[in-house]
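Go ahead and model the full structure; you've got the sequences and the hints to work with.
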Amino acid sequence: MKPEFTRAAPHATPPDATTRATSQGGRAITRMLGAAAFVAAAAVGGQAGAWSLKEAAAPYKGTTISIVGLERPSYEAAKKLTPEFEKETGIKVKWTSFPYENTLKEETLNFVANSEQFDVILSDVVWPVNFAGAKWTVPLDRFMKDPKLADPALDMKDFFPVWLASFTVDGKLYGLPFDSYAGLLYYNKSMLKAAGIDKPPATWDALREDAKKLTDKDKGVYGYALQSARGETQTADAFARFLWPWGGSFLNIADKKVTVNDAGAVKGMEFRQSLLPYMPSGIVADDHSQVVELLNQKKAAMITEWSAFYPTLSTGPLGDDLGIAPEPVGPDRGASAFGGFAYMISSQVSQKKQDAGWLFVQWLTSKEMAKPLIENGAVVARMSADKDPALQAKYPNLKPMVETWEKATIPDWRPQLQCYPRFSDIVSNWGSEIELGQVKIKEGLDKMAGELTSYMNSSNCWANANTPQKFIEMYK
Amino acid sequence: MSDPDKLPLLPPARRSFLEKAAPWLFIAPSLLLLLAIGLYPMIYTVYNSLQNFVMGMGPPVFNGGTNYITAITSQNFQNSVLRTLVLLVITLPVELVLGMMIALALDSQHSPFLRRLLQICLVIPIAITPAVIGLLTQLMFNEQLGVINYLLGRIGISPVDWLGSPTSAFATVVCVQIWEWTPFVALVLSAALSTVPPEVDEAALLETERWWPRFSAIRLPFMLPGITAALVFQTAFTMKAFDMIYAIQKGGPGSATEVAIIHIERLAFRGFDIGVASAQSILMLVLSIVLARTYIRLFYREVDG
Amino acid sequence: MSPQTADAIKRFLHAAGIVVVLVMILFPLYWMVAGSLKTQPELFAIPPHWTWAPTLDAYREAIADSGVLRALGNSLIVTLSAVALGLVVGVPAAYGIARYSFRGRREIWFWYVTNWMLVPVVVLIPFYLTAARLHMINNPLTLIAVYQIFIIPLVVWLMVDQFRSVPVALEEAAQLDGLNRFQIFLRISLPLVTPGLAVSAVLSGIFAWNDLLYAFILTPGDEVRTAPTIALSYLGGYTIPWPKVMATSTLVTAPVIIGGIAIHKYVARGLTMGAVK
Chain V
611 MKPEFTRAAP HATPPDATTR ATSQGGRAIT RMLGAAAFVA AAAVGGQAGA
661 WSLKEAAAPY KGTTISIVGL ERPSYEAAKK LTPEFEKETG IKVKWTSFPY
711 ENTLKEETLN FVANSEQFDV ILSDVVWPVN FAGAKWTVPL DRFMKDPKLA
761 DPALDMKDFF PVWLASFTVD GKLYGLPFDS YAGLLYYNKS MLKAAGIDKP
811 PATWDALRED AKKLTDKDKG VYGYALQSAR GETQTADAFA RFLWPWGGSF
861 LNIADKKVTV NDAGAVKGME FRQSLLPYMP SGIVADDHSQ VVELLNQKKA
911 AMITEWSAFY PTLSTGPLGD DLGIAPEPVG PDRGASAFGG FAYMISSQVS
961 QKKQDAGWLF VQWLTSKEMA KPLIENGAVV ARMSADKDPA LQAKYPNLKP
1011 MVETWEKATI PDWRPQLQCY PRFSDIVSNW GSEIELGQVK IKEGLDKMAG
1061 ELTSYMNSSN CWANANTPQK FIEMYK
Chain L
550 MSDPDKLPLL PPARRSFLEK AAPWLFIAPS LLLLLAIGLY PMIYTVYNSL
600 QNFVMGMGPP VFNGGTNYIT AITSQNFQNS VLRTLVLLVI TLPVELVLGM
650 MIALALDSQH SPFLRRLLQI CLVIPIAITP AVIGLLTQLM FNEQLGVINY
700 LLGRIGISPV DWLGSPTSAF ATVVCVQIWE WTPFVALVLS AALSTVPPEV
750 DEAALLETER WWPRFSAIRL PFMLPGITAA LVFQTAFTMK AFDMIYAIQK
800 GGPGSATEVA IIHIERLAFR GFDIGVASAQ SILMLVLSIV LARTYIRLFY
850 REVDG
Chain B
195 MSPQTADAIK RFLHAAGIVV VLVMILFPLY WMVAGSLKTQ PELFAIPPHW
245 TWAPTLDAYR EAIADSGVLR ALGNSLIVTL SAVALGLVVG VPAAYGIARY
295 SFRGRREIWF WYVTNWMLVP VVVLIPFYLT AARLHMINNP LTLIAVYQIF
345 IIPLVVWLMV DQFRSVPVAL EEAAQLDGLN RFQIFLRISL PLVTPGLAVS
395 AVLSGIFAWN DLLYAFILTP GDEVRTAPTI ALSYLGGYTI PWPKVMATST
445 LVTAPVIIGG IAIHKYVARG LTMGAVK
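Chains as they are written, first to last, in the numbering used here: chain V, 611 to 1086; chain L, 550 to 854; chain B, 195 to 471.
Keep in mind that the hints were calculated from the coordinates and are not lab data.
None of the hints are false.
Taking beta-carbon pairs under 8 Å as the criterion, some of the chain L residues facing chain B (in silico):
no., residue
1, Asn597
2, Leu667
3, Gln668
4, Ala740
5, Ala785
6, Met788
7, Ile810
8, Ile823
9, Leu834
10, Ser837
11, Ile838
C-beta atoms are modelled at their ideal positions from N, C-alpha and C, and glycine is treated no differently.
This is how it looks when you write it as structure tokens:
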């Protein structure tokens, strides 16, 4: 930027915006105009017709922001649409994509080394406390309260409350949801029909009965397949999924107690073991992709997978045979798998990059972009789009997804802890050992609880445990 | 493995400054570079190993040797080191024996075309990216959809759950590790075999027609340095085997194939406990050096005295 | 059994043994290349399709959406530079160790070998933190420097032997002709160790090319990432596009296999590893 001696005159913007304006003297004029427009707009009763992305982005023209993505459909869709934003704003967006497994590592290293590699941070639903707790990402209210940066059409009420609550720490929102999932039941319609099953199972007990009917080991055909690979897949997909519906839970945060070995958890794990005869024996090693392949190859009749898989499965060999239903409910409650992501803004980069990053995140998660994103294969947490009958007709994953988020979601389905990475690692270690039959169920759960308890106590992990449930009302 | 103390040396020449400095001038660039990229991070790791350092949970705090105690008493770490040693103990002899057989087959006079083809092909497993080998393993050893079980089925063996059961998953890693590195051992041994002077071999043939005495008394001593080198190389390859095992199933199922390096990586980059992971790394390094030293001592006893 | 029959049996066993080894080595390679020319359903078909209509779609996809070509280019630049640097500093060091007696020689040699034993995870975090401080993340130079940690030991290890096999008499003669140490090294010894140079270069090249752990952490950016990381990056996705993975793997492995085959003649003379008397 060329040195510029025009200083911004004091005007009706928050103090931080003033500093920003001074630090970017060259853009001061535009900013003043923007501010003037806002004042004018406010004067005529808060109608913010004056706001436009192009104008808001003008001070950041030529800035490059670096954003983290995954190798998953939602990000492919986002990457495809990014040029529209670049064209409109003159801000350049640089994507770096990681395999899910490496994302937290790359982002954490980026923060620990203060390397300013990424401006816009991707947070899994279980990482907000890691990032916000370490003050690596900023609360979004700074942007949302800044009339020059906040799109009046942002419409926070249009996000599903549970999703905003999930990225709220200490009452402050840190991320806007993107790539949001619910666990769904995907099944092969023809196989169910051939076995005399007229509708997909609504309860886990029914699923087991159906799986029994569908299994034909001699032909190598199985009723059900559960992705169980060690790692977050074991913790989330294979353990938590069979914990909550039987009344189990991970933690009792109020009493600082680990509850993974109480009666509900034991019942849930017993049920999971009872499904093993109807699953391929190598299932403990299988991750998402193998399970999807089993369904595609007609080797498994039913799988429970994230709603984000729809584009992948619908373009696969099953064609019209692909059926979708909400995840079955357990004897105690319905508690479908809950997972997904949000975009946050790094606290370590310049304000200019933060602002430009915010503009991109706001644009990407906007109401307006929801439809084109869905049409390009993404899943989003925008009610207006997810509940749109026309879109629901075209994308059958939307309806059960919405149903799940509204009725059968537990926001701390996996606990939000600053030490979650290690916590999850311990859960997945013992979860796998139990599933493999290397250890008895109760004994394995006791060991898991013991290890978790000593780790939670020694690392002072209880101190800032987050409970998103209590923030849901905030967003209703 | 060459023992530098036994090397033929150049006679001292004119005692100019340049002459005296010559060895250091030859060595200095690589030495400086290795100090920067080899020694510095190692010292940094020792430093980290003495801190309570969990990424994302505040700045590192000195905690004495606590991490080493945590590391040594961790049952998971003990198991992973044990697994590494088991992998080493199984694969090393098999690789040596198979490698020796291949080297001898290459040394024979029969089927020149096949021998030449084999010599070319031996570099292939070494050249293939280990991560790709892991991916191929995942594909070929899949219980339902893999070609290995299909081929076994053709000869009447019922499908094996290669990757799903702990024992067979470990066996799979053993097989793949052997597949990947036996050719390298074979090449080293074959090179060693070629250094046996033909006249010595022919002289021995006059003494006895029997193969084994000739092999053990004449050829083997010539090959000892090559065998030592192969051992040191393979020990390093096995201890460092990360990409292949990781690409198969990240140490799973459960912790069945979690060797020490995978355990350390998991602790450092999934659990973010840099302090304990650094301590475990240092322990692994000590173990590697002890093993390398032992080989050299075993095979060069007369030198080290 | 007549000696002729015994000999024929021997010949047969020898040939059969070699064929078995060849099949075991080549089958996975065949499976990779075949997989890259199939579609996903064909790839998983049981019984496997031994004949099929090959398609180059997987290659097209890999090249079009994943920047495989750029990654191959990055890998090539990093590998060639790293090997060149390793040879330029490593070969003289090997000569110095092979031909001079000085204090600490044995220790230095052993320390070089120790670096070969270094478990990469150990130094990864220090590397990352240091590189980040120097703003060297996503800089190919970082990889080129880091790879010296295994290239220099390898080069020194292999080349010490090679120089040892050069008759001292040759160098003495050159000394009498008035050449100094450096001229002897460059003009007399170096040309005699070409097989060792070729083997060192290609082996170091293979290890540098195939590295995944350092590359994942130190050069994650889309513009600078290396080829092997791309092959593995598909695994993080929701379905693994196996034909695309196999196509990428084939493209990634082809250069190293060609390099390996090119030096196979020198292997017997370059990999002697101390066996030279």
